[in-house]
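Enquirer: Residues per chain are reported as follows:
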Amino acid sequence: MDINVVYTVHRQEVFGPLIALYFYLTGLSAGSFILSTLAYVFGATKYKPLGKIGVVLAIGLLVIAPMMLLLHAGRPARAWHLFVYINWTSPISWGSFLLTLYPICCIFYGFFMFRGDARGTRILGTIGIPLAVMVHGYTGWILSFAKARALWNSPLMPVLFIASAMVSGIALMLLVSIIRDRFFSEDKTVNLEVLNGLSNILAVAILLDLFLVASEVTTLLISHADAQEVAHVLLFGKFAILFVVIENIVGKLVPLVICAVPRFRSVTAVCVASILVIVGIFIMRYNVVLGGETIPLM
Amino acid sequence: MNDMSRRTFLKAGAALSGLFLAENALGGVRIEQWLDDGFVALRNGKFLQVKPTTCTQCPAGCGVIGFVDHGRMVSVQGNPKDPNSLGKICARGVAAVNRVSDNERVLWPLKRSGKRGEGKWDRISWDAALQEIALKLGPIRDAGEDSTLVFDDGDEMCSGIVREFLSAFGSPLYFNRSNMERASHMAACSGTLGEDSVVPDLSKTRYVLNFGANPYEHHQYYVPLLHRLVDNRVNNDLKMITFDVRLSNTAAKSDQWIVCSPGSDGLVAMSIAAEIVRNDLHDKHFVNKWLSCSEDQLRRLLGRFTPAAAEMISGVKREQVERLAREFAGKNPAVAISGNGVGQHENATEQEKAILLLNAITGNIDIPGGLCIPRRFHLPPAGSNTLEKSRTNVGKLFSELRDGKARVSAYVDYKANPAYSTADCKAVEQILKNEESVNFLLVMDTHISETGKLADIILPAASGMESWGLVSRASLNFIPQLNLVQPLVAPPGEAREIGAILIGLVQKMGGELSRRFPYSQAQDSIVSSLRHFPDLEQAGGLQRLRKEGVWLDSRARPKFREFEADKFKTPSGKYEVFSEDLLSGQRDLFTILRPPEKKQGAVVMATFRTGLRSSRNANCKWLTEITHENRLWIHPETAANFGLSEDDRAEVSSESGLVQVRVRITWGIRPGVVALAKGFGHETYGHVAESKRFTSKDPDTNLIWWNEFKSDVNTNILIPLSSDPSSGGQVSKSIQVRLKKC
Amino acid sequence: MSSERYGILFDLRRCTGCQTCQVSCKSENNVPLGVWRSWVKQIEKGRFPSATKSFLPVMCNNCERPACVWVCPTKASTRRPDGIVIIDAHRCIGCRHCMAACPYGVRYINPFLGIAQKCDWCSKRIDAGLVPACVRDCPTGAIIFGDLRDPQSEISRLISEFPVNRLKVDMGTEPRVFYIGLDEYALLEK
Ligand SMILES: Nc1nc2c(c(=O)[nH]1)N[C@H]1C(S)=C(S)[C@@H](COP(=O)(O)OP(=O)(O)OC[C@H]3O[C@@H](n4cnc5c(=O)[nH]c(N)nc54)[C@H](O)[C@@H]3O)O[C@H]1N2
Ligand SMILES: Nc1nc2c(c(=O)[nH]1)N[C@H]1C(S)=C(S)[C@@H](COP(=O)(O)OP(=O)(O)OC[C@H]3O[C@@H](n4cnc5c(=O)[nH]c(N)nc54)[C@H](O)[C@@H]3O)O[C@H]1N2
Ligand code: SF4
Ligand code: SF4
Ligand code: SF4
Ligand code: SF4
Ligand code: SF4
Ligand SMILES: [Mo]
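Chains as they are written, first to last, in the working numbering: chain A, 42 to 339; chain L, 12 to 753; chain Y, 51 to 240.
There may be inaccurate statements among the hints.
Dumping the calculated BS3-like pairs for lysine-lysine here, alpha-carbon to alpha-carbon at most 27 Å [as the list claims (entries may be wrong)]:
| # | chain 1 | residue 1 | chain 2 | residue 2 |
| --- | --- | --- | --- | --- |
| 1 | L | K126 | L | K328 |
| 2 | Y | K125 | A | K188 |
| 3 | L | K250 | Y | K95 |
Please keep in mind that the hints were generated in silico from the structure rather than gathered at the bench.
In isolation and in its complexed conformation, chain A is listed as follows (with noise of 0.2 Å):
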């Protein structure tokens, strides 16, 4: 049947590129975190370098991810107002409190391992974890309670964005390692145990990121019209070359490809594998979140 809409409104962005990047920097700052906590609490000591740069990252993302919240409100000195006005049933209600009480645990823990006091260091490892997890988990339901929204309204998305935040999260804490071994050690010299086991566990990160979204995009692509509309934006329309190529294509499977053949994995190349998927990561979340909205609702 030819169908022609003659006239409709323009809708207004409901998300946009800042929320976009507030996912990003959370998803990061969550991924440094639990990295931090790979030899303070998990007790894998080959790590232990990792702590310190880990839990100022998370803290320093942290401190900007929120402005990026407070940018996008209407009205954010109001934001107060989530504090004394609670609902529990909003996605945004429990971020509140995750991002109050998360960025103290933080802190707290951070300060202890400085300190040198293990016990602490362990105690706060150990409830920053499921912070960790849930403060970015919780951007995930955001996006997975829009029912009118196929992309988004995804019991998959709060698990596709821990996922993704673990990758961008190694990918960081490598990169960054490498540049402080390089540049600013006694030595001059890269740990290879850490760029090794790292690089296993990115490549690991990002194998069980890619399954997550085939198996979004693959199930989109066969549901109902909405989602086939949407998945075929991603595939094949205005989001083909985002999606497809960088976020899929050069931000994961040529970093998978570095990490996880061990004669690719040079320091440089791991430097480079890092720095796609950081990249990666990021138009990921860009295109999840406009993506998700290209398609009218009325």
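Use these hints to put chains L and Y with the ligands onto chain A, whose structure you have.
Expert: Leaving out everything else, chains L and Y with the ligands in the frame of chain A:
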């Protein structure tokens, strides 16, 4: 509002148990009611002043009430006491507030300081302005050259006083646009019925054949007519067939949309009439008693209009014609109506007569549910007959001016914009720029329009919501009624109401004129008109009208077929089918009704109005926000022929000009025909009309978002100046144009 | 506990696509340029010469189970006892979560105030015993407002007499805007 009225309001409010509501007579809808003495109401928790007036945004003249907050216009709604518009309103009426509170109104008299059209102005005082105008007009009158004064009046509601002024002045050329542009329709009505228009009774009819009208989007009687039409369609399954070259909202919502080739409506109507008579389905009594010609003559006249001939020329299938003939004659009452789709062609008068004839031969003239003679009061000054007669077409005047066959000593433009809305507007602009052909150009408008830009003097005019006027629009209840236009707010800056302007001018001119035009304030003229309504005088006169906004004789009942007693107001007293030369075959009706041959390589361009943005409201932000793009409607096949795809830009050219537009490919138009709307493409007027964002007192103007779409062109650039020889009516439909992808 | 439960019915047989409702709302509620509480979608369908056009006026459904209320972090969006979903202008922080959640895209951020707004069936007018502005102005009487719990009300009568449809019922929001004569194709975007 002063304390006194607030107190009365509160007291009265308490008496109404806190609610200021009333049940509307219609369907139990609850509506706001204003208190009779206080003129106040509660809206959104605020006390507001409420006054009834009449909407002047289009010729329908709906009764409205305005809400005013400390001298600021807040909003407009329908006046539930108006039995014609039934308390309803349309988008344009609602947006009247935009015009009132627009930031780009002209605020004081301006005098040109550069060359005409250069856009350089000096602000002058009213006194100086009027003095200067008096110095121009006085000599014209004194020299007995009053017929070289042209008064172009775009108003219908507030022009009573204009006509009085003009009759006092002498016999200038007077154009009233609201009627004039339907010149062919009027010529057809007066030629056949002796009336200047007709009104379909759509609330009782059982079948509508609509030729080129679009009442779902606009009409001379828009809201009053639409409400009744839709009610009848939904409640009684009224059948409606619409002929249009494109898919208008009316066509879309009709039972059937029939597409005839542009300009062939009259021919189709004649062939339907012919089928009716051929099959003896006509109303023999009416035909024999009331037609000016004999039945034989009629049959002879109709003889050539066979369904086959109709099919060949119009593309309407013969079976269709046969079916419509059966259906139309079989339903009683039924009505055939016409709109500008018929009324703006070179043979429009004859086309209109053909459609009228359908009503006549089926006996549907002036019966309930048929095509009726308008019921309205004929408002004084009755002596302005000379004016009524002089009402030909501005287009014709401009052709004469162009060819050097006429000269205008002074062109006075009130609420019209000829340099924009007349055919070949660019040529008109040149004519108006030329001081040789138009010695003096005075524009009275709310904005600096395309015409205003050329003026010698611009007077800041009040808008409808700031003016006085008295009108009697044809009633769709068929009981004549009076509507008052009264100022709800004061005009901004130094702007003045037309009555006040003319009074000031007469005072300056003095002498004879001030004796013949003895008013000292605008309402004087209304008061003097009201003397002709003793019943209203008794019921409270102007005071009463100011409270209610409308008045009609509540005891009156509609009377139909008064021609039975009084005869038609034609020379023969009968319904005069066509003029003698056509009846006798001296001129061949069939040839006349044929649409003009298409030139090699040309496509026919139809023009149309859009529901929201057209005459009189370009700077209304809420309307322009919705309708700001004038795209060329084109059928996919036609588009393919010209290599055009959606959103492409096309160059459209005609004898008179050239424009570039974006195309809109649609199945809603006949192949080989394109359509472009009127009412777009302002070059000067105001930022909203021109789609430009700007900073003003209204924060909204910073949010104008539609400037990125630029397909905002004035269709009149493409329309050559030409007119229907039988009526002088402007031709603005079926224009031959050439298309090119650019 | 209010005994009313309001609803709106668009009788599309009457709708001419005139957009009066859309403009009327701008006027009544001071809605800025570029955003809308209601609009009238126009859709062309079919091929010449049987092409046709339909109109779909859209506004907030004041849902029985409103997604917007569910996600609003400050409880600025709430449901009144009569079912109308309102936004507390003093409480809203403009986070746009509600805009993401509403399946109908009827909410917007007021560019001057930075808070979310939407059609609330002119609740202030209703409280004053009046009908919504668009209902009052629609020149063809195509919009019917009334109490769904009152079996005598016009809206209840029409809903039981004619087949009606609502938009996106599958979203489970229990929308309370009803349509007579809704064309499925009118819902499509392209
Ligand atoms: N919104 C709005 N309303 C108005 C006005 C306005 O400017 N804006 N102006 C008022 C005035 S002054 C007038 S005169 C009336 C006019 O009201 P209408 O008579 O309805 O005016 P138009 O839109 O010019 O023409 C009606 C239809 O004729 C179609 N048409 C064009 N050519 C042909 C043809 O050859 N054959 C057929 N069958 N159809 C054809 C057009 O597509 C259009 O849909 O409206 C009044 N109401
Ligand atoms: N292409 C094409 N051209 C056409 C037609 C067509 O169908 N197609 N139709 C023709 C027809 S039917 C008509 S009626 C004419 C209409 O032609 P015009 O009557 O010239 O209508 P507008 O161009 O809208 O100009 C009206 C002017 O009135 C001013 N105005 C509006 N409200 C007020 C007010 O309250 N007070 C004062 N003082 N001024 C006010 C506006 O600012 C504007 O400058 O156009 C004709 N031209
Ligand atoms: S139909 Fe004409 S007169 Fe009536 S409200 Fe609309 S614009 Fe005003
Ligand atoms: S005002 Fe009434 S007729 Fe006009 S578009 Fe809205 S619902 Fe339809
Ligand atoms: S339509 Fe949307 S905004 Fe309105 S109540 Fe339902 S979910 Fe909320
Ligand atoms: S924008 Fe306002 S109403 Fe919407 S969810 Fe946020 S706080 Fe609630
Ligand atoms: S009910 Fe009120 S707020 Fe809602 S669309 Fe109509 S006028 Fe606007
Ligand atoms: Mo007209």
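Enquirer: Taking the hints in turn, state whether each one holds.
Expert: Right, here's what the structure says about each hint:
Pair hint K126/L plus K328/L does not hold up; C-alpha atoms about 57 Å apart against a cutoff of 27 Å. Under the criterion of a C-alpha separation no larger than 27 Å, the hint pairing K125/Y with K188/A is consistent with the structure, at around 19 Å. Between the alpha carbons of K250/L and K95/Y the distance comes to roughly 21 Å, so the proposed pair stays at or under 27 Å and holds.
Checked against the numbered hints given earlier, this structure breaks only hint 1.
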